[in-house]
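Going down the list, the sequences are from chains A and B. 0 is the number of the first residue of the first sequence in numbering that gives the first Met the number 0; add one for each residue after it. 0 is the number of the first residue of the second sequence in numbering that gives the first Met the number 0; add one for each residue after it.
A couple of the hints might just be wrong.
Because identical chains share one entry, a pair is satisfied inside a single copy or across any pair of copies.
Said to hold, decoys possible - Distance condition first, Cα-Cα at most 30 Å in a straight line; then the derived BS3-like pairs of lysine-lysine: (1) K199 / K318; (2) K270 / K318; (3) K270 / K199; (4) K283 / K270; (5) K283 / K318; (6) K318 / K276; (7) K276 / K199.
If you are wondering where the hints come from, they were derived from the structure by calculation, not from laboratory data.
So you can see what is in the structure, the chains are spelled out below.
Protein chains: 2
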Amino acid sequence: MNDLSAVARALEECRHVILCGHVMPDGDCLGSAAALGLALEARQKRVTLASPDPLPDIYDFLPGAERFRIGEAGLDGDYDLFMALDCSVPARLGALRLLLDRPLTVVSVDHHAGGDANFARYFYVDPRAAATGEIIFDLLQLMQIPVTPDIAACLYTAIVTDTGSFRYQNTTPATHRRAAALIEQGADAPLLNTLLFSRKSLLHLRLLQAALANLNLSAGGRVAWMHVTAEMMTSLGAREEHSDGLIDYIRSIRGVEVAVIFRETSPGQFKIGFRSKERVDVNKLAALFGGGGHVRASGAVVAGELDRLTTQVIAAVEKAVQEAWTE
Amino acid sequence: MNDLSAVARALEECRHVILCGHVMPDGDCLGSAAALGLALEARQKRVTLASPDPLPDIYDFLPGAERFRIGEAGLDGDYDLFMALDCSVPARLGALRLLLDRPLTVVSVDHHAGGDANFARYFYVDPRAAATGEIIFDLLQLMQIPVTPDIAACLYTAIVTDTGSFRYQNTTPATHRRAAALIEQGADAPLLNTLLFSRKSLLHLRLLQAALANLNLSAGGRVAWMHVTAEMMTSLGAREEHSDGLIDYIRSIRGVEVAVIFRETSPGQFKIGFRSKERVDVNKLAALFGGGGHVRASGAVVAGELDRLTTQVIAAVEKAVQEAWTE
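With the hints as constraints, model all of the structure from the sequences given.
So this is what it looks like as structure tokens:
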């Protein structure tokens, strides 16, 4: 039964809750868990925050960030309630799914479509919510727990990251109104945005500069690609995380439908990233090279020589683009 | 007298209005003018849209974009009302400031601090508004003119561009609530965001690549700057609009407080752009060089030799940063 009141009641009745997001945590699951944790502590509940995987550095500012127990470290505790946030299926809980085998009340709140919340006794899933943070916003209202500036900061983070700064299709009028309320409740939006989006490393830009030097377009500008070699990384002193997001720059080029990046992780070993805008299913494209992902974002890991690899991959991309325009 | 009702009354009484934004037009002045133009036509007013400079390609989708008369072409017309939008001083009207010498009713609506609206008989200046588009939103409400989907798209564009997708300090709860209303009134936000932010020209990235090659940091990484020379533009075949937004890349570097870009618009003539994150008032900084703008975004136009200019400007920036950290 999709019932937020039942979730609220279960939380009211618990003694020690463990709040857990998903593997490869993002701003939504972390911000939602941290916000709810602070709120429940105001209700004198004992709260443990957990994450299957370590937190990305970028979320170090979140109130409560340092309290997350990582992976199996979360398994130790006399919890009577286990709550999953932003997890569509148990597999997304990583090591913490072992908690499902214990005699705990299991609760889930999520906004993904097509998941299976039946692993939880009480759950609320709303695919129209842009972020799980939106549901937590409503849950706190339902439980009449005041939103402190710290809670507001966590929920604002959840919403702004999952909506791509209110740009994605999931953003609704209600999303904007919740953001307005969170700012009034003390979320320092300019600061949070700076922390989230304006802490790029200089090496990231240096790598971008180097990669743009080999940027190529084909198929009348519908396909764009570039590469980052191990040598480029070494000569700049860059690590893999510095190349994260490079593909977004070429995806944003006018007219480009598919963007591809070749990242050499060790000599002769490449991670290929694919992004598309509107028509091409890059999940299928990545599958041709043993990879996978989503319709608009995917990847594959391949071994080979860059030139030959590029020729082979880009030919497949061009074919997919051609098919997408003749369908 | 700062009075939006007086502006509304003047518009109600006019017959043929010319609506004009500022030199180097942006999403706010264009979206505001286009929105108000559509609204006034619904009130049976004759409307001419004008812009001192050509519209950047990126705004080609705005309802009414093709109607803007550019530069002196706007001077011909039997206007009885001249309205400036988003212009803090007459100089920002470019060639169209000649209209101020005619026996027209002059009106101004703006959100810049520290301007001089006295060139207008009726004006409304609200520096707390994130965008002039927010004021136009209120003006239409005051005049009880229904917001059509086209008007909503124009105003959403004005707001989303001037707030950096709701990230900048100027974004208020009211900004988010107006965005919510505009989406309800028919603004297709995901489409508008794609049109605005995922149609970068290839030349923009080429110019970025070239500019990053001269990127410099000082003051322990708190100041970052780069330049685009006329020669760089010419050799790439780039136009001024292709350099728009370059400053945002260096502003987003971790640790940078003030970002500065020097753009050579003609040999020996530079536009300097300033951006800050949290502490430094770049409006004051720009004023040192005869320019102005906002606390977090400003600009100035100066003549000189690049090296000397850079030394001079960066020294002033470093001084401002030092002061901001010792206050």
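Comparing the hints with the structure gives:
1. K199 / K318: Cα proximity of K199 and K318: across copies only (24 Å, versus 35 Å in one copy).
2. K270 / K318: Within one copy only: 21 Å inside a chain, 44 Å across chains, cut-off 30 Å.
3. K270 / K199: both (21 Å within a copy, 25 Å between copies)
4. K283 / K270: within (16 Å within a copy, 47 Å between copies)
5. K283 / K318: For K283 and K318, the Cα distance is within 30 Å only inside one copy (12 Å; across copies 55 Å).
6. K318 / K276: within (16 Å within a copy, 44 Å between copies)
7. K276 / K199: both (24 Å within a copy, 13 Å between copies)
Of the hints listed earlier, there is not a single one the structure fails to meet.
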